[in-house]
Amino acid sequence: IKADVDAARGKAPAAAPTAAPGAAPVSAPARAPQSLAQLGIPDGTYDLVPLDGMRKAIARRMTDSFRDVPHFPLTIDLEIDGLLAARTKINAMLEKDGGKVSVNDLVIKAVAVALKRVPEANASYSPEGLAMHHNADIAMAVAIDGGLITPIIRKADTKGLAQIAAEAKDLAGRARDRKLKPEEFQGGTFTVSNLGMMGIKSFASIINEPQGCIMSVGAGEQRPVVKNGELAIATVMTVTLTCDHRVVDGAIGARFLQVFKALIEDPLTMIV
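Numbering follows my numbering, with no gaps: position 111 of the sequence shown is 685.
Treat the hints as calculated values from the structure; they're not laboratory data.
The model shown is predicted, which means the values in this text are computed figures rather than measured ones.
The beta-carbon is built from N, C-alpha and C at its ideal position, and this holds for glycine as well.
Hints are not guaranteed to be accurate.
[Claimed, not checked] Straight-line alpha carbon distances no greater than 25 Å define the calculated DSS-like cross-link-like pairs of lysine-lysine that follow:
{"hint": "1", "residue 1": "K670", "residue 2": "K690"}
{"hint": "2", "residue 1": "K743", "residue 2": "K670"}
{"hint": "3", "residue 1": "K743", "residue 2": "K775"}
{"hint": "4", "residue 1": "K801", "residue 2": "K835"}
{"hint": "5", "residue 1": "K801", "residue 2": "K690"}
{"hint": "6", "residue 1": "K753", "residue 2": "K743"}
{"hint": "7", "residue 1": "K775", "residue 2": "K835"}
{"hint": "8", "residue 1": "K743", "residue 2": "K663"}
{"hint": "9", "residue 1": "K743", "residue 2": "K755"}
{"hint": "10", "residue 1": "K674", "residue 2": "K729"}
{"hint": "11", "residue 1": "K729", "residue 2": "K753"}
{"hint": "12", "residue 1": "K835", "residue 2": "K663"}
{"hint": "13", "residue 1": "K835", "residue 2": "K733"}
{"hint": "14", "residue 1": "K775", "residue 2": "K801"}
{"hint": "15", "residue 1": "K743", "residue 2": "K674"}
{"hint": "16", "residue 1": "K630", "residue 2": "K775"}
{"hint": "17", "residue 1": "K743", "residue 2": "K690"}
{"hint": "18", "residue 1": "K755", "residue 2": "K733"}
{"hint": "19", "residue 1": "K733", "residue 2": "K743"}
{"hint": "20", "residue 1": "K690", "residue 2": "K733"}
{"hint": "21", "residue 1": "K733", "residue 2": "K674"}
{"hint": "22", "residue 1": "K835", "residue 2": "K729"}
{"hint": "23", "residue 1": "K729", "residue 2": "K743"}
{"hint": "24", "residue 1": "K690", "residue 2": "K729"}
{"hint": "25", "residue 1": "K670", "residue 2": "K733"}
{"hint": "26", "residue 1": "K755", "residue 2": "K630"}
{"hint": "27", "residue 1": "K755", "residue 2": "K729"}
{"hint": "28", "residue 1": "K663", "residue 2": "K674"}
{"hint": "29", "residue 1": "K835", "residue 2": "K674"}
{"hint": "30", "residue 1": "K663", "residue 2": "K733"}
{"hint": "31", "residue 1": "K753", "residue 2": "K674"}
[Unchecked claim] If you anchor each label on the Cβ, the simulated ranges turn out as follows:
{"hint": "32", "residue 1": "D719", "residue 2": "Y620", "range": "18 to 24 Å"}
{"hint": "33", "residue 1": "R748", "residue 2": "T619", "range": "36 to 42 Å"}
{"hint": "34", "residue 1": "K663", "residue 2": "G747", "range": "23 to 29 Å"}
{"hint": "35", "residue 1": "K743", "residue 2": "E804", "range": "39 to 45 Å"}
{"hint": "36", "residue 1": "M772", "residue 2": "A806", "range": "24 to 30 Å"}
{"hint": "37", "residue 1": "R797", "residue 2": "T619", "range": "41 to 47 Å"}
{"hint": "38", "residue 1": "E795", "residue 2": "D671", "range": "30 to 36 Å"}
{"hint": "39", "residue 1": "L625", "residue 2": "G747", "range": "35 to 41 Å"}
{"hint": "40", "residue 1": "D621", "residue 2": "D655", "range": "30 to 36 Å"}
Whole structure, please, built from the sequences with the hints as guidance.
Written out as structure tokens, the structure is:
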């Protein structure tokens, strides 16, 4: 209406203001971090433990990964009675040399063999393309005072169970003593995190960038299962594979888990 009135008076309507050429849009200011008091936790009701370098690094890496990497989980149940029986026989053979194989050692071996059989799962994302790794370098999560570290068993697919067990024991011990060399925990192509010894049934982990997958291993427990139409009892372990969807699609992750399941349920196939 105002434009019509101005036109009737012989005036041109005022032009709408325009932004200056090249002016950048104004973004909303970043939200300032709130203190615990502002969040409803009064001062004097807690002890504040300063963050050391390791905890800061873990916080930064896990936040970056969870924010930037499109995670998705795949979960499968495994019957491990055959694995436990095989472990008993293997340990009887190794006993005279002081060796001992854990369930986690068998899991690491099975993961490494499965990665060689499904190489698409042994990959990392980069802006330039997908890095298809030549070796199955398996990182294992080790809890230490004040944090977590992931020492690596290099070329695990080429190593026997006794060697994997010896390396895992040595790496975990030196990790807890904080005596690892950087090259012993930096890198890796796949991570295994096992909380089964703590009774955790199942869980999903945050991906250890730039790796494409991480496997979370739960506790083995007796559960009812149906075999040939009959109810039976089996020792069952649940594992969850968390994948970077930029690298590993659902079909690839499922294929990897199928191969892994076959190896775990028939452990001779990963030894011979």
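If you test the structure against every hint from before, which numbers come out violated?
1, 5, 16, 39 and 40
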